[in-house]
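Chains as they are written, first to last, in the working numbering: chain D, 1 to 348; chain X, 1001 to 1330; chain B, 2001 to 2386; chain Z, 3001 to 3339.
Note that these hints are calculated values from the structure, not bench results.
For each residue, glycine too, the CB sits at the ideal point set by N, CA and C.
A few of these clues could be false.
Stated by the list, open to error - Under the rule of at most 25 Å between Cα atoms (straight-line distance), these lysine-lysine pairs were calculated in the DSS-like manner:
(1) D:Lys-161 - D:Lys-143
(2) D:Lys-285 - Z:Lys-3149
(3) B:Lys-2268 - Z:Lys-3022
Unchecked claim - Okay, the calculated bits of chain Z under chain D, using three or more residues with CB under 8 Å as the criterion:
(4) 3166 to 3172
(5) 3197 to 3208
(6) 3256 to 3265
(7) 3274 to 3288
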Amino acid sequence: MVGNKTLLEVKGLKTYFPLDEGLVRAVDGADFEIQQGRTLGVVGESGCGKSVTAQSILRIVPPPGDILEGELLFHRYSKEGDAFSMADVIDLAKLDPRGREIRTIRGNEIAMVFQEPMTSLSPVHTMGNQITEAILLHQETSKAEAREKALDILHRVGMPKPSQTIDSYPFELSGGMRQRGMIAMALSCHPSLLIADEPTTALDVTTEAQILDLMRQLQEDLGMAIMFITHDLGVIAEMAETAVVMYLGKVVERADVDTLYYDARHPYTQALLRSIPRITEDRRKWLEAIRGMVPDPYNLPSGCPFHPRCRSAQGECREVEPPWVEVEPDHWARCILYADSTTATAQG
Amino acid sequence: MISFIARRLVIMIPLLALLSIVSFTIIQLPPGDYLTTYIQQLEAGGQVVDEAEITRLRAQYGLDQSVYVQYLKWMGGIFRGDFGRSFHWQAPVMDVIMDRLPVTLILSFSSLVVVYVVAVPIAILSAVYQYSVFDYFATLFGFIGLAAPDFLLALVISWLFYLLTGAMVTSLFSLPFRDAPWSLAKFVDMISNVWLPIIIIGMAGTAGLMRTLRATLLDELGRAYVTTARAKGLSESRLLLKYPVRIALNPIFSTIGWLLPALINGGVLVGIVLNLQIIGPALMQATLSQDMYLAGSIILILSVLTVVGTLISDILLAWLDPRIRYGEAN
Amino acid sequence: METTETPTSGPAKPESSILTEETGEHVYTASQWQLMWWQFRKHKAAMIAVVVLGVMYFLALMAEPFAVYGPTQRFPRLESTAPTRIRFFDETGQFRGPFIYGLERSIDPETIRVTFVEDMSKIYPIRFFAEGTPYKLLGLFPMNLRLVGTDPDGPPIFLFGSDRLGRDLYSRTLYGSRISLFIGFGGVFLTFFFGITLGGIAGYLGGTVDEVIMRIIDFMVSIPQIPLWMGLAAAVPRDWPVIRTYFAITIILSIVGWGGLARAVRGKLLSLREEDYVMAARVYGARPRRLIFKYLLPNFMSYLLVSVTISIPFMILGETALSFLGLGIQPPAVSWGTLLRDAQQLTVVAQRPWQMIPGAFVVVAVLMFNFIGDGLRDAADPYARI
Amino acid sequence: MPEQKNQRLLEVNDLKKYFPIKRGLLKRTVGHVKAVDGVSLYVNEGETLGLVGESGCGKTTSGRCILRAIEPTDGEILFNDPDTGWVNLRELEQEDLIRVRQHMQIIFQDPYSSLNPRMTLLQLVGEPLVINHGIRGKALEDRVAELLKSVGLRPEYLRRYPHAFSGGQRQRIGVARALALNPRFIVCDEPVSALDVSVQAQILNLLRELQENLDLTYLFVAHDLSVVRHIADRVAVMYVGKLVEMGETDEIYPGPRHPYTEALMTAVPRPDPRASKDRIVLEGEVADPANPPSGCYFHPRCRYAEPICAAEPPVLREITEGHFVSCHRAEELSLIGVA
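Using the sequences and the hints given, assemble the complete structure.
Right under this line is the structure:
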């Protein structure tokens, strides 16, 4: 049963990197929810903090980065007959990143698929070895059983000739096959949440289509929720039900996908949608480019970080941190334009 | 893989022939021959040298023949298992070498073990706790180990040992055993003396290995596949050993073949300082006194070991790293 | 299953980069060498090493005024003297400025060993830049000022003790640093000449030439190094003048090194050749000569600089080892290696431990070069981390 | 040269680039990677030809071979030199090549590798002028400043090194350098693929603006079909070293005639949640260019394949005016495109 049950709530997440050169606020205010069995898209340009958000959830933020503030409420359900009932809620942000508790969640309840399947897989271990590792770690099975399970999941992800590829090394496989292997590895313990960090960015468009199809299919079969991180607005439109847009560490807008693409409120989302070339569009139409460039992470603009590039910027934007406003039911934006909105709340 | 090894073996044949010529040439480089050196020594000692005697010796050793003939005769002998006679020791070359081989091997092998046992754990800890006090000291130790010539280390350590205990390590054997034939008692005596040379020879190697391994490991620790493994829920220690350490160790294990010549040749300088009865100092002495068949044979054996060692390394590397294995196999 | 936890070792902390740390026009218009210098400056050990080596090379060049005696000056009846103790207070505890006591030679009737005892009744003050034996500064200017000295009638000052012929080890160490410290440059120069030329030709031309050069290098590498060295060094006639021996040793030292460098140069060239900006230059008409000198070599220099700093200590160690074995520099010329030759036997060292002091100079010099190499390696590619 | 070519600027016939595969110690050649395997195309003056395909299909190699930035194995590269008329680049000696190539330049994908980090902007952009025209001093500075202005960079940046600039700005420097010699023809090799979404549009607009103002002709190599649709007048599609389809953009996007083009077009995820999700998902993997299948290289993945496709390699033929397809069944199939 897939219902409107919250699986993960991210509230006011802040993950900072205190580097010698200064403090990098990689994630500086992220608020969103992931529903059980649904797909949340996270979209943004490089350096916007979307990957660090994912790493924060799994508590694998590379040092010296650390979560400073915020809650990551992970809801666990137990299955009774056909219905799920809430078992407990755990705040991932409070766990010891090296402790046993987070490790029983990693790879088991929350799994992750990375962008570059070549570098993200160990070059000197076979696919089978790397897949069974997670199974053996989280489930009480024998090695033979784990291998059976790995074969089964490889079959499920459409890996050609699984009984052969299970003993192959990653470099012997094509990019698409490696990514299938990566997905098999992530799904081997039937996680309730799959975080996919740009899983198709390194792939060619026809392979990307295969992988996107596969992920949709697997979601239908296995019922896991997906947090899909990408910079490609096209992929989000296809894969996600709801989406958040990030810019310089902040979630600037959150809505269901249809609303986001047809009724975006934040000037950045609007500008982004106007600036991308579309395959269906009339040739030779001029694009509306966003002026300027993404600022240096050590030297962020004051106030709203988007203000130097924003067409609707007002004097205040330079000083005032924009509020996180619910502009419509279930449609949030972080912009001063909506500050007087009656539903405004003061978060972040 | 088999064809790869076969090809390598075929190429080794002309290479070894060339190496034998080079070995022979190296010994011929110093002007004169063993007898001229010998005569000089005698004359320096005030002795009169009989011309006829010299001519006789020259003919006896075959030194009156041309270099090419000498080389061919020597090579011919080698194919029959005869490496020639040592002038200095007045014995077949093989006997001189075999006499020293056991000690040499024990010494080299144990110091190698010391190197690995010490360097690998230190490097791992040093990389994992990068910038810690431990890392700082390990790095300093590594730098000094690299900077100090091994003979100097040998001197300083044995001097300190002397200051502390009053005992002087000047040989692998206590006096009664120096010239005695091999026996259990002699072996036991050697064991009690051999540890200091082992530590000294090992220390120089430790520093180098530690620095390389630490650098590779730091590289590997930052790789994406480590994050992947962590995201699976592996504990840090298991993750560390299964992935980065395994991969960082590959190049090190695979170069074990290169150590083959070092097993024979290791510790020349330490050997001289500590007066060890191993092959290295014998080679040095043979080169200086132009004891040509002894020196030539040792150099030739070393060359062969180098070539064979390289081959073993390549095979090991292919065996340890599937990327290379399959790259060749296709 | 649980074992003790090791700390997280995620992606290494991004190395600090001056490009992000400092901003402003001076950074934007900074050339490669400036960027390298800014980065290098942050490596404390390397900066200390620069100062230490600077002092060492200065002392080597200026050995005469800083040495107390000439390199071969002997003090008969003062053989194997321990380092002289410099005192400031006399027996009564009264401050007298730096001075030394007189030296009394006596023979132990039992062991028949010569011992030296301080003669407390005679006090000789130490004078700085006192007149000593005459010399020519830098081989040009006749002078006779020495760093320290006593009155002509006083005993000699042996800061590091004297050797078995009664020569001052401190002065000899200073003179010896000339050969030991500078031999690196000659060797490195030759190594680089062969390495860059042959590696460059192989890498730039490619094809058959490349194949042939690479095979030669492969062969060179399979010749056992130490015997090759020993054989070559033994071939150098003992009676050659110092200068000629010096160059011979230099050549021998560089014979072993060039192959590795040539390989590295070739590899680096091959990868640089693939850079898009080199292709762009060819497309807009840059001819081979310009490509090599304006595009390839400059991008190569920092890399070469690192190689130089890490090959010099190799040369220093090589000279020391060869001379130690008696195969390198021959007496009466002095180098750290020949000085250490006197300390070859443990029995000697047990009596005159101060003979190991030149070894400390070797270690320090090599250590400092390694520190600089380390710092340069970090700074060599200031563009890598942008 | 034939008259109908008078509006053409470039014509490539049967271009081939084979990379030898060497194995073993003796480096024997055991086969060839046919990166470009008989590509024929033309570019008209003032237009943009988009060259698209997936990674490894040979599009970048083709672009570089056309400039002889890498040496082609075989084929004809005819260029209409404004000074001397048609020349075959393949037959030129070095000095002639350098002269002709002043009219042909290149912009790269990687904004980092494409700029020499040891040169200031003045040197970077000025080099082509120094080499070819010997311009120096104030004249050079003025000209470089002017070029920088034309790509939207401040002329005060002359003394800066590339490390002072972001990816998008670096790409502008690359464009300024390509423009220095007033070329007629520029190979744009994935010029926006390495850039962030919000910067992509700036560079695309800049390229179009320059084309209009300076009457430039582009060969635009890219894998992003949305970008190509936006910028190209005509498109050429490559698969495993061969051209499978070429024609007007407005014709090919809505009505592809080659099954591979169809799959490629429909596979692109569209930034529109309401868009139709009709798409052809290809089975299997791209063929290995060292060991391609028989007949039509695409046939093992093609859902319209018939026995002839495995037996005989199709030839590129003109099925309607200016529309070239290399498919046995081009006329009979009705394929989906993107409208």
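Margin query: Using a Cβ cutoff of 8 Å, are there at least 3 residues of the stretch 3166 to 3172 of chain Z near chain D, or does the coverage claim fail?
Written below: Per the Cβ count (3), the hint holds.
Check: When you check the alpha-carbon spacing of B:Lys-2268 and Z:Lys-3022, does it fall within 25 Å?
Finding: Given that 25 Å is the threshold and the Cα spacing comes to 21 Å, the pair holds.
Margin query: Please verify the coverage claim for the stretch 3256 to 3265 of chain Z: does it have three or more residues whose C-beta sits within 8 Å of some C-beta in chain D?
Written below: holds (count 3)
Next item on the list: Verify the proposed pairing of D:Lys-161 with D:Lys-143, using a straight-line Cα cut of 25 Å.
Entry: Within the cut-off at roughly 21 Å; holds.
Item checked: Satisfaction of hint between Z:Lys-3149 and D:Lys-285, Cα-Cα up to 25 Å -> Distance of about 24 Å is within 25 Å: holds.
Margin query: If you count the residues of the stretch 3274 to 3288 of chain Z with a beta-carbon closer than 8 Å to a beta-carbon of chain D, do you get 3 or more?
Written below: Result for this restraint: holds, n = 9.
Notebook entry, point to check: With a Cβ-Cβ cutoff of 8 Å, does the stretch 3197 to 3208 of chain Z contain at least three residues near chain D?
Noted result: Answer holds; 9 residues pass the 8 Å Cβ test.
When the structure is compared with the earlier hints, no violation turns up for any of them.
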